[in-house]
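Heads up: the protein sequence lines correspond to chains X and C, in order.
Each step along the first sequence adds one to the number in numbering that gives the first Met the number 0, with nothing skipped, and position 311 is 310.
Each step along the second sequence adds one to the number in numbering that gives the first Met the number 0, with nothing skipped, and position 3 is 2.
Hints may contain errors.
[Stated by the list, open to error] Here are the simulated EDC-like cross-link-like pairs (lysine to aspartate or glutamate), alpha carbons at most 20 Å apart as the crow flies:
(1) C:K34 to X:D93
(2) C:K46 to X:E25
(3) C:K128 to C:E110
(4) C:K38 to X:E25
(5) X:K104 to C:E117
(6) X:K224 to X:E240
(7) C:K34 to X:E82
(8) X:K137 to X:E217
(9) X:K104 to X:D93
(10) C:K141 to C:D158
(11) X:K69 to C:D158
(12) C:K34 to X:E86
(13) C:K38 to X:D93
(14) C:K38 to X:E86
(15) C:K46 to X:E86
[What the hints assert, rightly or not] Okay, the calculated beta carbon distance ranges per label pair:
(16) C:I56 to X:V173: 35 to 45 Å
(17) X:V103 to C:I56: 41 to 51 Å
(18) X:L215 to C:I19: 50 to 60 Å
(19) C:K46 to X:S202: 32 to 42 Å
(20) C:I56 to X:V73: 18 to 28 Å
(21) C:K81 to X:V73: 48 to 58 Å
(22) X:I256 to C:K46: 44 to 54 Å
(23) C:L60 to X:K69: 49 to 59 Å
(24) X:G90 to C:L60: 52 to 62 Å
(25) C:I19 to X:G176: 26 to 36 Å
(26) C:K46 to X:G90: 46 to 56 Å
[What the hints assert, rightly or not] Chain X is faced by these chain C residues, among others (derived, beta-carbon under 7 Å):
(27) F25
(28) A79
(29) N80
Think of the hints as simulated: they come from the structure by calculation, not from any bench.
Glycine included, every Cβ here is placed at the ideal spot set by N, Cα and C.
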Amino acid sequence: MSTQAQTETQLITENINEAPKAVKEEISQEITLFAEPIVHIKNLTITNSLLTSWFAVFIIIIISLILRSKLRAVPGKFQSVFEMVVEGALGMCDQVTNDRALSVKIFPLAISAFFFILVSNWLGIMPLGGFGIVEEGKHGLLFVPFLRGATADINTTIALAVMAVIGANVFGVVSIGVWKTLNKYVNLEVIGDIFKEFRKNPSIIIVSPIKFFVGLIEIVGEFAKVASLSFRLFGNVFAGEVLLASMAALMAYIVPIPFLFLEILVGVVQALIFSILLVVYFTIGASDHDEHHEEHHEVNKIHEENRHGKEEDRLIKEAIEEIA
Amino acid sequence: MESIISTFHIDWKIIIAQAINFGVVFTVLYLYALKPLSKLMSERSEKIGRGIDDAKINAELLEKTRKEYEDVISKAKTEANKIFQDSKKEALAEKAQMLEGAKNEVTTVIENGKKMLEAEKVKMLEETKKEIVNLAMLATEKLISTKIDKSFNDKTVKDLNNL
Chain X
0 MSTQAQTETQ
10 LITENINEAP
20 KAVKEEISQE
30 ITLFAEPIVH
40 IKNLTITNSL
50 LTSWFAVFII
60 IIISLILRSK
70 LRAVPGKFQS
80 VFEMVVEGAL
90 GMCDQVTNDR
100 ALSVKIFPLA
110 ISAFFFILVS
120 NWLGIMPLGG
130 FGIVEEGKHG
140 LLFVPFLRGA
150 TADINTTIAL
160 AVMAVIGANV
170 FGVVSIGVWK
180 TLNKYVNLEV
190 IGDIFKEFRK
200 NPSIIIVSPI
210 KFFVGLIEIV
220 GEFAKVASLS
230 FRLFGNVFAG
240 EVLLASMAAL
250 MAYIVPIPFL
260 FLEILVGVVQ
270 ALIFSILLVV
280 YFTIGASDHD
290 EHHEEHHEVN
300 KIHEENRHGK
310 EEDRLIKEAI
320 EEIA
Chain C
0 MESIISTFHI
10 DWKIIIAQAI
20 NFGVVFTVLY
30 LYALKPLSKL
40 MSERSEKIGR
50 GIDDAKINAE
60 LLEKTRKEYE
70 DVISKAKTEA
80 NKIFQDSKKE
90 ALAEKAQMLE
100 GAKNEVTTVI
110 ENGKKMLEAE
120 KVKMLEETKK
130 EIVNLAMLAT
140 EKLISTKIDK
150 SFNDKTVKDL
160 NNL
């Protein structure tokens with residue numbers, strides 16, 4: 000909110016207070032695609048979604064500290080619940096990675112994403128949204144709530160998605176090395192194979208450029224991952240908030256309740272989807288394409304050997320027949 | 000692209016701020032919750048695993064000890080039975096031997112008794128004879144003191160010799 004707008008809002012508020020007989024403007028609330036600014040600190044605009052995000056961080060820190068202080072060899076109720084969640088989540092990671100060691104490496108990041116998104120989603124649908132400020136809008140006074148689901152702001156989801164995709168590639172570099180990770184996108188190996196295997200297999204001159212091009216498409220795929228992750232999460236959470244606001248506008252007290260429960264569920268599901276996709280991307284990042292390539296080579300070799308064996312059998316049979 | 004940025008109010012500063020937020024969440028969760036919890040859970044799993052192994056070893060040991068105990072008891076029973084049987088046999092043999100000894104002793108005692116009786120009888124007869132002789136002597140002396148002649152004397156000597 001600019002200083003001019005603040006001054007205008009203040010003036011309007013003063014006018015309302017000081018001149019009760021004047022025409023009172025109705026305060027309305029707009030549902031915007033973007034997070035509304037609350038405060039400006041120098042160049043940084045503090046939006047309501049950023050506030051919610053800080054609140055979520057604060058809650059998670061408090062929960063973590065409480066858990067840390069209550070950790071016992073014989074777990075209490077709180078610790079048991081957390082252990083159950085961790086065990087379940089690790090099991091789900093295992094289903095994706097098929098490798099416990101890999102799951103253990105990816106798990107902390109995935110569960111952090113899950114909790115951050117979950118708490119942010121749930122904070123967005125909390126009735127605390129009733130607290131906010133009134134400011135001058137284009138069509139009169141506007142109510143701006145202090146809390147808006149952090150994931151109902153595309154900036155948050157973009158931040159998470161970019162971190163997930165970059166993290167997956169960094170994890171790939173750490174797991175399988177720079178060369179193999181690079182070859183997933185700029186496949187220099189297949190170009191080298193043209194010169195190495197052209198005599199043995201002339202068809203490689205067609206296959207290798209295709210593979211190289213597929214590698215380039217993978218680069219586009221990485222951007223697509225960012226877009227899909229961020230817009231999926233943002234779209235679902237934002238749609239939920241719009242739905243709740245619409246239902247509240249229809250009938251403020253009872254009608255939104257079932258939808259509130261639905262949104263609680265949606266919050267969990269969306270956090271889960273994001274976390275699982277993060278695990279999937281990290282697993283793909285840590286997988287080596289050459290292993291499949293080598294397996295394919297092995298299979299071809301076996302087929303080739305079988306073919307040669309059959310050829311030999313046929314020649315022997317023909318020789319026997321001739322002798323006979 | 001511009002329209003997307005303006006529509007959604009995409010702001011790189013907020014993106015960085017949110018990334019920092021997530022970084023804080025990850026660090027705090029990892030350091031204060033997940034790491035100690037994982038350590039605790041793995042320690043507990045180890046303990047449980049060790050406990051199960053110990054329980055298995057203890058069960059095996061118990062089974063082994065029970066078998067050994069049963070073997071020992073069985074051996075002891077067999078040995079006790081054997082000892083009992085041997086003792087019984089020994090006792091019976093001793094009993095028979097004692098009976099035999101007693102019988103022999105009784106026989107010896109009877110034999111000795113008979114011998115003693117015989118000796119006593121002979122002795123008594125000897126004594127009786129002596130007594131009779133003495134009586135006869137006395138009677139003879141008495142007779143002699145009264146009236147003794149040659150015929151009487153011969154007759155008396157003859158009678159005495161016939162005794």
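These are the hints, each one checked on the structure:
no.: 1; hint: C:K34 to X:D93; in the structure: 18 Å, holds
no.: 2; hint: C:K46 to X:E25; in the structure: 67 Å, violated
no.: 3; hint: C:K128 to C:E110; in the structure: 26 Å, violated
no.: 4; hint: C:K38 to X:E25; in the structure: 58 Å, violated
no.: 5; hint: X:K104 to C:E117; in the structure: 123 Å, violated
no.: 6; hint: X:K224 to X:E240; in the structure: 24 Å, violated
no.: 7; hint: C:K34 to X:E82; in the structure: 12 Å, holds
no.: 8; hint: X:K137 to X:E217; in the structure: 44 Å, violated
no.: 9; hint: X:K104 to X:D93; in the structure: 11 Å, holds
no.: 10; hint: C:K141 to C:D158; in the structure: 16 Å, holds
no.: 11; hint: X:K69 to C:D158; in the structure: 143 Å, violated
no.: 12; hint: C:K34 to X:E86; in the structure: 13 Å, holds
no.: 13; hint: C:K38 to X:D93; in the structure: 19 Å, holds
no.: 14; hint: C:K38 to X:E86; in the structure: 13 Å, holds
no.: 15; hint: C:K46 to X:E86; in the structure: 17 Å, holds
no.: 16; hint: C:I56 to X:V173: 35 to 45 Å; in the structure: 42 Å, holds
no.: 17; hint: X:V103 to C:I56: 41 to 51 Å; in the structure: 30 Å, violated
no.: 18; hint: X:L215 to C:I19: 50 to 60 Å; in the structure: 33 Å, violated
no.: 19; hint: C:K46 to X:S202: 32 to 42 Å; in the structure: 60 Å, violated
no.: 20; hint: C:I56 to X:V73: 18 to 28 Å; in the structure: 24 Å, holds
no.: 21; hint: C:K81 to X:V73: 48 to 58 Å; in the structure: 57 Å, holds
no.: 22; hint: X:I256 to C:K46: 44 to 54 Å; in the structure: 47 Å, holds
no.: 23; hint: C:L60 to X:K69: 49 to 59 Å; in the structure: 39 Å, violated
no.: 24; hint: X:G90 to C:L60: 52 to 62 Å; in the structure: 36 Å, violated
no.: 25; hint: C:I19 to X:G176: 26 to 36 Å; in the structure: 29 Å, holds
no.: 26; hint: C:K46 to X:G90: 46 to 56 Å; in the structure: 21 Å, violated
no.: 27; hint: F25; in the structure: 4 Å, holds
no.: 28; hint: A79; in the structure: 51 Å, violated
no.: 29; hint: N80; in the structure: 54 Å, violated
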